[in-house]
Amino acid sequence: MSTTTKEIQVGDIGARAAAHSENERMALNVGPSHPTTHGVLRLMMELDGDVITKCDPVLGYLHRGDEKIAENMTYNQFVPYTDRLDYLAPLANNVAYALTVEKLAGVKVPPRCEAIRVLVCEMARISSHLLGMGVFGMDAGAWTPFMYTFTEREKLYTLFEELTGARFTTSYTRIGGVARDIPEGWLPCVEKFCDQLPKAIDEVEKLLTRNRIFLDRTEGIGAISKEQAIAYGITGPNLRASGVDLDLRKDKPYSGYDQYEFDVPIGTKGDCYDRYLVRIEEVRQSILIIKQVIANFPGGLWYAEDAKKIFAPPKEKIMSSMEELIQNFMIVTEGPQVPPGEMYFEAENPKGALGFYLVSRGGGVPYRLKIRAPSFCNLSILEDLVPGHMLSDITVILGSLDFVMGECDR
Amino acid sequence: MISSEVGYNSKVEGEVIVTKADAVINWIRKHSVWPMPMGLACCAIELMASAASRYDISRFGMEVMRFSPRQSDCMIVAGTVTYKMAEVVRRIYDQMGDPKWVVAMGACASTGGMYRSYAVMQGVDTIVPVDVYVSGCPPRPEALLDAMMKLQDKIGREPAVKNLTQTAKSPDLVG
Amino acid sequence: MIDNDFVSSLLKRFSFLSLRHQLDCLTLACPPNEVVDFAKHLRDEETFDLLVDLTAIDHGETADTRFSVVLHLYSLIHRSYLRIHVDCPDNDSPEVPSLNGVFPAANWHERETYDMFGIQFSGHPDLRRILMWDEYPYFPLRKEFPLAGIDVPLPAADVAEVTGAEVDPAPMMGGPFVSPGTGRMSESEPRAKDESWTEETIKQS
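Residue numbers (my numbering), protein chains in the order written: chain V, 1128 to 1537; chain D, 1041 to 1215; chain E, 48 to 252.
Bear in mind the hints are in silico, worked out from the structure with no lab data behind them.
Since the structure is predicted, the reported quantities are computational estimates derived from the model, not experimental observations.
Don't be surprised by glycine CBs; every beta carbon is placed ideally from N, CA and C.
Incomplete in silico selection of chain E near chain V, CB under 8 Å:
#: 1; residue: ASP96
#: 2; residue: PRO151
#: 3; residue: TRP155
#: 4; residue: VAL225
#: 5; residue: SER226
#: 6; residue: SER235
#: 7; residue: GLU236
One chain only, chain V, in its complex shape (with noise of 0.2 Å):
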């Protein structure tokens, strides 16, 4: 029988293939609506294949109008919309809000206050990260650390429910102070949770650290130098995964910090397992935050006193003396009087520097309050950050930026 012999030359088939397919660019669109996305972002991006070559982020579908919404009530009545910016750390928006207006009008509050809000801004914190640290192994396909990580934010929700009265959206900093007083018995509650926090934290730590699958999906992926970062405007554990040596609670310290000690992580390589150990180790150092000003927690009165026409007195003395009626229905009626000025101040946030940038025009209500939201800056790397990258890289990139779309689109 005859056969018949055929030569074909593999590489033309290859570059035929190439070249058909050369201008032929896929448009995906993932989101607004995706469970890997942490709340409502869209991206338009564009594949040649599996990689990604174009990347457009659309924001905006939670934007809820709280700029124009604070020029129409007073600074305590806008306290409630604060918390629904990072609503993971709802108590650390409250802080930075309440020391905003507080520096504008000039009023100092007394020790006892401060260590009240650097402990609850430290117990946010950890209750962020923790959140954070769990999607982000879920994102990565790890459901379990989802779970533990909950189980340890259930507690701190108890706690915060005995000082505020709400799980979380707690609303509770009031211009010149707080608005109650710590219960009893609450600070050695506090401070039980924060010695069973470390075990849990191993056993998170344990099922992702060194998991093989876990490095091999974050290590090297979404890397952004000191430059870029700086170029950016990124703040927060993805600005000090990259290798700034920036925490405003150290260059900058606010409500006392300075009289802690506590270390900063700074990461080397800016990529995801870097932002990922960044934010593990900060909840470590919170904890020690935590036990020094339990450990030193003073005495004394939980609002200024002395701000006359800010913070409303004590509910015994309204109800018995002259002065103290008026100065409360002013204060509720026309809202806390603020001189005239301007004022930013940021906070370190568990996401990064939450700003608030206050004009004020005299009186109860301010004249223009501008939120700068830590996620909204450190979102507009993506479009730069994610061409290059897979298709499945997506979401450990997402998931490592740690942004919450309350606060980008406010």
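Starting from the known structure of chain V, arrange chains D and E on it as the hints suggest.
Only chains D and E this time, still in chain V's reference frame:
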């Protein structure tokens, strides 16, 4: 005997249950509602907390949080619906297969909540028909579980067989 | 260090700058045509390389210069902020040069400022809305725009057709009770911000 209950007397009927089709269909549906979490804002965190181990929504058969609308029964709108997002919510509702229910979780989804502004839709019921409203900002996980139980009662009272033979109630955007 | 020597040397070198009243950090006023070069100098020579925030203020329809763009810079070496006010020359179509070339972080901030105030940034690569939908006709943070919003059609026409929904002004009765703060006691009591109906308008029967 209550008409929607499954009545069974083993001595009389042996191993055969005689009941109404409605009762069986509703019983099956209400104990395996698969929610589609439309987690938009802070309420989504309480939704996740109710799915976590302390408030365990899995007791009700609802831990299967399918993010694909084609595979889910109930859309839990958790969070503020803005006008920009309204189109997306409606499209996802239309992609869900019948029978489907909607739970408006939280103040923002029910009526717009405390956000009376130019960008927030004052209640998701302007674009989708809502079965259960849950108040709270955010509602506690227990409140959400109570709402899901009320939804189960509501499903139990539906005329299932009549609905099967009817066409869909509202026009679809997706074919 | 940001001390008087630093400030005076900066003012001497750049004569177009002027010092503004400040409580917390150095605040300067800069004319729009010089702001890009000044920002470049600050970034390269004076180590203010982190653009923290870029926003705008609407001073009201009756003000001489209605819009001013405010930027905040941070220096890791000096550990302090610097605020720059840039007044927009034209009240009706405000325009300022874009800082995107100097600070890539300004890209999204300028898009948001355009979205909320309508300030054009010349030289911006992609100036479109970022928080509201693209076809939204108004600029929400301007002082004459009401908080409740203005009637516009819903961005998705097919959803509006099926459901009959539209972008309605939000109901303000029972809304935030705020006092205007001025006038006699009877006028300055807190009132709801109901902007659709006031006691001066005639009720429809």
